[in-house]
Amino acid sequence: MTAFLIPLLIASAVGYLLSGILFLLRRNRIAIFVAGAAWLVNLAVIVVNGLIVHDIPLGNMYQVQGVLSLCFLPLFALFAVRDKLNWAGVYFAFASALPMTGAIFMDKQGGWKRMPALQSNWFVPHVLAYMISYALCAVAFIMLIRLWIRNVEQKEFRRAIYQILRTAFPFMTFGMLSGALWAEEAWGQYWSWDAKEVWSLITWGLYLVYFHCRKSGWARHADWAHLLAFLALLTTFFLVNLLPKLGSLLHSYA
Amino acid sequence: MKFGIILFCLIVLLLLTAVLPVGGGLEATAIYYSPVMILLLALLSAGSVWCCLTRRAGRKQAGFYLVHLGVVVILAGAFVGYIAGVKGSLQLSVKQPVAANRLLLPERDSVELGFSVAAEDFQVKFYPPVYHLYRPTPSGMTAPGQMPFQKTGEFSADGQDEWILDDLGPFTASNLWSEARGEWTQRRMLDSGSFLHRASQTPSFFGVTLLVNGEKLPVSINHPAQYKGWRFYLVSYDQLNQSFVQLSARRDPGRTAVIAGIWVTMIGTFILGFRREKGGAA
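Here the protein sequences come in this chain order: A and B. Each residue of the first sequence is one higher than the one before, starting from 263 at the first, in the working numbering. Each residue of the second sequence is one higher than the one before, starting from 100 at the first, in the working numbering.
Treat the hints loosely; a few may be bogus.
[What the hints assert, rightly or not] Only pairs whose alpha carbons sit at most 27 Å apart, straight line, appear in this in silico DSSO-like list of lysine-lysine:
| id | chain 1 | residue 1 | chain 2 | residue 2 |
| --- | --- | --- | --- | --- |
| 1 | A | K370 | A | K417 |
| 2 | B | K159 | A | K346 |
| 3 | A | K417 | B | K315 |
| 4 | B | K159 | A | K417 |
| 5 | B | K224 | A | K375 |
| 6 | A | K375 | B | K315 |
| 7 | A | K370 | A | K477 |
| 8 | B | K224 | B | K315 |
| 9 | A | K370 | B | K250 |
| 10 | B | K186 | B | K327 |
| 11 | B | K101 | A | K477 |
| 12 | B | K159 | A | K477 |
| 13 | B | K315 | B | K194 |
| 14 | A | K370 | B | K327 |
Since the hints were derived computationally from the structure, they do not count as laboratory data. Everything numeric in this text was worked out from a predicted model, so none of it was measured.
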C-alpha cells in the first residue's frame with residue numbers, strides 16, 4: 263500500500279502549489295477547483311496512512327504533516343464565508359503545499375502503534391486543535407511577510423491577520439490545556455516542564471503579547487511579537503524534535 | 100495592558116533561560132520554581148483581577164472575564180497544590196502482594212499514607228510485532244565497524260498474513276509465532292543470508308489491581324485510582340521480570356480549582372476568539 267503514497271503526496275503538493283499560482287493569476291474559481299482536488303488526494307493519503315497503521319494516523323511527523331495540510335482548505339472556506347477573506351486564498355493554498363511537500367521527503371514508518379499513554383480520548387482533540395491553530399498561524403505569518411515585503415493595503419492586511427490569529431488562539435489554548443488535563447490523568451501532573459511543553463507555553467505567551475500589543479498603545483510592536491511567536495511555534499513543532507539538545511522526553515513520539 | 104505585556108515578556112525570557120541550549124549551567128527546574136517566577140505569576144494573577152475589576156461590565160465581556168479569571172483560578176489552584184499537596188512514588192511487588200504504607204517523596208524523604216497498599220493481578224499485553232528484513236551487504240561494501248547487514252524492509256505481523264519479501268518471495272507471517280514458547284520468534288533466517296529480526300514490541304496495555312485496605316482498585320495508564328483524597332497513577336513496570344510496578348501517588352487540594360480554571364479558560368478563549376468585533380469582517 264505504501265507504493266501509492268509517494269505519487270499521491272506529490273499529486274497533492276503539486277495541486278496545492280498550482281492552486282496558489284492560479285490564485286495569484288486571479289483565476290479564483292479554477293484555483294478553488296484545483297485546491298479541492300488536491301485536498302481530496304490529501305484525504306486519500308490520510309486514509310492510506312490510517313489503513314497502514316490501523317488507527318488514526320497521528321503517530322509521527324510524517325503522518326501529522328498530512329493532517330496539517332488537510333486543515334487549510336476547510337479553514338479558508340470558513341474565512342471566505344464568515345469574514346469575506348476570499349482574496350486570501352493564495353496564502354492558504356501555498357501554506358497547505360508546505361507540509362505536504364515536507365511529507366514527501368519524510369520517513370514513512372508504518373510500524374506505529376498507540377502506546378498506552380496515547381490511548382486517551384484527549385489524543386485526537388489535542389493534536390487536531392494544535393494542527394488547526396498551527397495552520398492558521400502559518401497563513402497569518404505568510405501574510406505578515408507579504409505585508410513587509412510588498413506594498414499592500416496595510417489596514418486590510420493587518421485586520422485579516424488579526425482575524426485569523428484570533429481564531430487560531432482558542433485552538434492553541436485548547437491544545438495546550440487539554441494536554442495538561444491529559445497529563446494529569448496519565449501521569450498525575452498537569453505540567454512536567456518538558457521541552458515541548460515549555461516551548462508551547464513560550465509560543466502561547468508571545469501570541470498573547472501580540473494580542474495585548476494590538477489593543478494597547480504599543481500597537482506598532484505587534485508585528486514583532488507576531489514574528490517572534492511564529493519562530494517559537496516553529497521551534498515547538500519542529501526543532502524540539504530535531505535538535506537533541508532541545509529534546510523532549512514526553513513528546514518523543516510527536 | 101502595558102503592565103501585562105511587560106509581565107508576559109519577563110515570563111517568556113525566564114522560560115527561555117531554562118530551555119535554550121546555551122551555557123548549559125542553568126538548572127531548569129530551579130528556574131520554574133524560583134521566587135522570581137512565583138512573583139511574576141502572582142503579579143500576573145493580580146493584574147488579571149485588576150483588569151476584570153476596572154473593565155466596564157457587560158454581556159459582551161463574558162469571554163474576557165472567563166479568560167482572565169480562569170487563568171487566576173488555575174494559578175491559585177496550582178499554588179495551593181504546590182504549598183499543601185503531596186506527591187511521591189511507590190514500588191509494589193506483583194509476584195507476591197506486599198503491603199506498603201509509606202510514600203517515597205522526591206527529596207528521599209517519605210510520608211505515611213494512613214492505609215496500606217498492595218498490588219496484584221498485573222497484566223501486560225503487546226501489539227503484534229514488527230519485523231525488519233536484513234540482507235547481507237555486498238562484499239567490499241561494508242565500512243569498518245559497520246555490521247555486514249542492512250535493513251531493507253519492515254513488515255508488521257498485525258496486517259496481512261502473507262508478506263512479499265521483495266525477490267525472496269512470499270512469507271507466511273504466522274510461521275513466526277512459536278506456540279511452544281507462547282511468543283513471537285526473535286530471528287528467522289531466510290535464503291541467501293537474509294533474515295527477519297523482531298523489533299521491540301509496543302505494549303498495548305498494562306494494568307494492575309491495587310489492594311487498599313481490602314478494597315480492590317484497578318489502575319492503568321490514563322485510568323488512575325482514587326482513595327481517601329489520594330490518586331494513584333501507574334507509571335511503569337519491571338520490563339525484564341515483570342516482578343514489580345512503579346506508581347506515583349498524589350494528594351492535591353488545589354486539583355479541583357486547576358481543572359475548573361482550565362475549562363473556564365478554554366471556554367473563555369473560544370468566546371473571545373469567535374465573538375464578532377465592531378467592523379469584524381476584514
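So, going through the hints one by one against the coordinates:
1. Pair hint K370(A) plus K417(A) does not hold up; C-alpha atoms about 43 Å apart against a cutoff of 27 Å.
2. As the CA atoms of K159(B) and K346(A) are separated by approximately 23 Å, the hinted pair is consistent with the 27 Å bound.
3. For the proposed pair K417(A) and K315(B), the alpha carbon gap of about 64 Å is over 27 Å, so the pair is violated.
4. Annotation: proposed proximity of K159(B) to K417(A) holds, straight-line Cα distance about 25 Å (limit 27 Å).
5. Only pairs whose Cα atoms come within 27 Å are accepted, and K224(B) paired with K375(A) is accepted, the gap being roughly 13 Å.
6. The hinted pair formed by K375(A) and K315(B) fails the criterion: a straight-line CA distance of about 30 Å is larger than 27 Å.
7. At roughly 44 Å between alpha-carbon atoms, K370(A) and K477(A) are farther apart than 27 Å, so this suggested pair is violated.
8. For the given pair, K224(B) sits about 21 Å from K315(B) by alpha-carbon distance, which is consistent with the 27 Å threshold.
9. With a C-alpha separation of about 15 Å, the suggested pairing of K370(A) with K250(B) holds against the 27 Å cut-off.
10. As the CA atoms of K186(B) and K327(B) are separated by approximately 14 Å, the hinted pair is consistent with the 27 Å bound.
11. At roughly 10 Å between alpha-carbon atoms, K101(B) and K477(A) fall within 27 Å of each other, so this suggested pair holds.
12. The hinted pair formed by K159(B) and K477(A) meets the criterion: a straight-line CA distance of about 17 Å does not exceed 27 Å.
13. Restraint check for K315(B) and K194(B): satisfied, since their Cα atoms lie roughly 17 Å apart, inside the 27 Å limit.
14. Simply put, K370(A) and K327(B) have alpha-carbon atoms about 47 Å apart, too far for the 27 Å limit, and the pair is violated.
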